[in-house]
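Novice: Please put together the full structure from these sequences, using the hints given.
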Amino acid sequence: MYATFLYNKKQPPTKANCKLDINIYKVEHADQGTTYGRKHHQDQYTQTSLRSQKCSACKVAQESIRSLTDELVKQNQGEYITQAKKYIQESIYEVTQVSSIDILTKAIRNDITNLVRNNQELQKQLEDQKRMYQYLNYSYKDGVKRNAELLLKIQELETLEQGHLESVSTLQSKLSQLNFEKFQMDRILSEEKGKCENLQKEINNYNEITTALRSDIENYQRKVDCLTKAVGDITSEKDVWKIRFTDAHSENKKLDALNAESKATVNKLEEDLKHARDNIEQLDSEIKQVCNESEKEIWRTRYINVQNENEQLQTLNNDLKNIINRLEHELDLAVSHFKELDGRIDRNYQEIDSNAKAYVELLKKTQEVVESSDKLVDQIENNSFVNNTGGNDFEVQGDPLYDMMKQVEINKINMDKLEKQNAMLMSTIRKVRRRK
Numbered sequence: 005m006y007a008t009f010l011y012n013k014k015q016p017p018t019k020a021n022c023k024l025d026i027n028i029y030k031v032e033h034a035d036q037g038t039t040y041g042r043k044h045h046q047d048q049y050t051q052t053s054l055r056s057q058k059c060s061a062c063k064v065a066q067e068s069i070r071s072l073t074d075e076l077v078k079q080n081q082g083e084y085i086t087q088a089k090k091y092i093q094e095s096i097y098e099v100t101q102v103s104s105i106d107i108l109t110k111a112i113r114n115d116i117t118n119l120v121r122n123n124q125e126l127q128k129q130l131e132d133q134k135r136m137y138q139y140l141n142y143s144y145k146d147g148v149k150r151n152a153e154l155l156l157k158i159q160e161l162e163t164l165e166q167g168h169l170e171s172v173s174t175l176q177s178k179l180s181q182l183n184f185e186k187f188q189m190d191r192i193l194s195e196e197k198g199k200c201e202n203l204q205k206e207i208n209n210y211n212e213i214t215t216a217l218r219s220d221i222e223n224y225q226r227k228v229d230c231l232t233k234a235v236g237d238i239t240s241e242k243d244v245w246k247i248r249f250t251d252a253h254s255e256n257k258k259l260d261a262l263n264a265e266s267k268a269t270v271n272k273l274e275e276d277l278k279h280a281r282d283n284i285e286q287l288d289s290e291i292k293q294v295c296n297e298s299e300k301e302i303w304r305t306r307y308i309n310v311q312n313e314n315e316q317l318q319t320l321n322n323d324l325k326n327i328i329n330r331l332e333h334e335l336d337l338a339v340s341h342f343k344e345l346d347g348r349i350d351r352n353y354q355e356i357d358s359n360a361k362a363y364v365e366l367l368k369k370t371q372e373v374v375e376s377s378d379k380l381v382d383q384i385e386n387n388s389f390v391n392n393t394g395g396n397d398f399e400v401q402g403d404p405l406y407d408m409m410k411q412v413e414i415n416k417i418n419m420d421k422l423e424k425q426n427a428m429l430m431s432t433i434r435k436v437r438r439r440k
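According to the numbering used here, the sequence shown holds residues 5 to 440 in order.
Since the hints were derived computationally from the structure, they do not count as laboratory data. For glycine and all other residues, C-beta sits at the position ideal for the given N, C-alpha and C. Just so you know, not all the hints are guaranteed correct.
[Claimed, not checked] The calculated DSSO-like cross-link candidates involving lysine-lysine, where the alpha carbons are at most 27 Å apart (straight line), are: (1) LYS110 - LYS63; (2) LYS134 - LYS416; (3) LYS90 - LYS410; (4) LYS110 - LYS78; (5) LYS134 - LYS145; (6) LYS134 - LYS410; (7) LYS145 - LYS435; (8) LYS149 - LYS435; (9) LYS435 - LYS421.
[What the hints assert, rightly or not] Cβ-Cβ distance ranges computed for the label pairs, FRET-style: (10) GLN354 - MET430: 18 to 26 Å; (11) GLN127 - GLU83: 16 to 24 Å; (12) LEU164 - GLN129: 47 to 55 Å; (13) VAL412 - LEU154: 42 to 50 Å; (14) ASN202 - GLU165: 52 to 60 Å; (15) ASP323 - GLN354: 40 to 48 Å; (16) GLN176 - ASN202: 36 to 44 Å; (17) TYR139 - THR100: 52 to 60 Å; (18) GLU162 - LYS128: 44 to 52 Å; (19) LYS149 - MET430: 16 to 24 Å; (20) VAL148 - ARG434: 15 to 23 Å.
Specialist: Rendered as structure tokens:
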């Protein structure tokens with residue numbers, strides 16, 4: 005048994021004869037006919053039927069209400085309509101036609117209010133998506149700006165590296181020149197050291213010869229002194245013998261012979277002494293010839309000059325070594341700096357490459373979000389509840405309630421996808437920020 009509205013189809017309704025049909029209920033039984041306005045022993049209720057003609061507008065309104073309620077119930081969005089129908093079925097004999105329409109109207113209004121609320125929530129989520137898109141677009145522009153700044157920094161670093169390379173090349177050329185000068189100075193110093201060593205050997209030889217000659221002269225002088233003393237002794241003895249043997253001729257002869265012998269000895273000694281003196285003079289002359297005072301002074305001066313020059317060369321050599329060590333240290337620092345600079349440039353290139361890839365990925369995802377948001381906006385603005393993206397196409401049935409319910413389900417799926425895309429975008433943004 006159910007409640008329904010009756011329509012008089014025998015006479016076409018007009019505005020003149022349009023009246024309210026007050027036939028409230030029609031009771032149908034499976035095994036009996038339909039009874040109007042009479043009492044029966046099996047039916048304890050009296051039904052009154054006041055028939056009148058209805059206009060086409062009322063008929064269309066009633067058909068629309070019935071179709072709308074059926075579709076809302078079919079799409080599981082007619083919670084209040086289902087409750088109202090159940091209430092009307094349970095209270096079929098207590099409610100009137102007007103109250104039934106009022107109950108159904110309220111139920112339809114409540115269900116449509118829920119649909120509008122859901123639509124508003126979707127609109128709010130769409131606004132959030134638009135704000136997210138604006139934020140992502142701003143982040144992308146900021147990333148592009150930072151990328152341009154990084155490129156400028158890389159160009160500055162390359163210019164600085166070129167300047168450092170030129171400085172290193174200049175330092176290397178100076179170092180090569182200093183090494184060549186050091187080699188020349190070392191060669192000259194080695195030659196001068198050889199000359200000084202040879203000169204020192206000659207001086208040592210001359211000193212040894214002079215010492216030996218002086219020793220020989222002293223020995224000869226001691227011999228001359230002994231001979232002079234012996235001659236003096238012989239002369240004294242001769243005088244004594246002359247005094248003693250003035251009268252003895254034999255003794256005189258002996259003394260003369262002894263005197264002649266003594267003279268010969270003295271002459272021999274004198275010759276030896278003279279020869280020794282000649283040798284000494286010859287040695288002196290040779291010494292003077294070879295190593296006189298002025299020449300000694302010259303050699304000494306040359307030796308001192310050579311020593312001073314040697315010390316200067318040694319000092320210059322030490323200075324050159326210090327300069328070379330300092331230049332090598334600066335070169336090592338420059339090389340380490342260039343290595344560090346190369347590492348920084350490589351890292352910057354890698355970071356730029358990674359940022360570029362992240363920006364491309366972010367741009368693609370942003371474009372997908374923008375396209376989804378634009379399509380959702382178009383659907384909401386055009387009241388089009390048919391989604392043609394994301395592989396969720398469905399065939400329009402021509403039933404607004406069914407199509408709206410189907411679109412609500414698809415919108416939920418799309419919102420889940422958008423939430424996943426937003427999560428992926430936020431993850432990408434965090435990665436890009438960490439790299440920055």
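Novice: Hint check: LYS134 vs LYS410, CA-CA at most 27 Å. Holds or violated?
Specialist: holds (24 Å)
Novice: Are the Cα atoms of LYS134 and LYS145 separated by 27 Å or less?
Specialist: Between LYS134 and LYS145 the Cα gap is close to 16 Å, so the pair holds against 27 Å.
Novice: Are GLN354 and MET430 spaced within 18 to 26 Å by their CB atoms?
Specialist: At roughly 24 Å between Cβ atoms, MET430 and GLN354 fall inside 18 to 26 Å, so the hint holds.
Novice: With the threshold set at 27 Å, check whether the alpha-carbon distance from LYS145 to LYS435 stays at or below it.
Specialist: OK: LYS145 and LYS435 at ~16 Å, within 27 Å.
Novice: Is it true that the C-beta distance of ASN202 to GLU165 lies inside 52 to 60 Å, as the hint says?
Specialist: holds (54 Å)
Novice: Given the hint that LYS90 pairs with LYS410, test it: the Cα-Cα distance must not exceed 27 Å.
Specialist: Judged against 27 Å, a Cα distance of about 25 Å means the pair holds.
Novice: How does the Cβ-Cβ distance of TYR139 and THR100 compare with 52 to 60 Å: does it lie in that range?
Specialist: Distance hint for TYR139, THR100 holds at roughly 58 Å.
Novice: Is it true that the C-beta distance of LYS149 to MET430 lies inside 16 to 24 Å, as the hint says?
Specialist: Holds - the Cβ-Cβ distance for LYS149 and MET430, about 21 Å, lies within 16 to 24 Å.
Novice: Is 36 to 44 Å right for how far apart the beta carbons of GLN176 and ASN202 are?
Specialist: With Cβ atoms ~39 Å apart, the hint holds.
Novice: Would you mind confirming whether the straight-line C-alpha gap from LYS110 to LYS78 stays at or under 27 Å?
Specialist: Holds, at about 18 Å.
Novice: Measure nothing beyond the straight line between the CA atoms of LYS110 and LYS63; if it is 27 Å or shorter, mark the hint as holding.
Specialist: Distance ~19 Å between LYS110 and LYS63 Cα, so the pair holds.
Novice: Next pair to validate is LYS435 with LYS421; report whether the Cα-Cα distance is within 27 Å.
Specialist: With a Cα-Cα distance of about 21 Å, the restraint between LYS435 and LYS421 holds, given a limit of 27 Å.
Every hint, counting from the list given before, is met by this structure.
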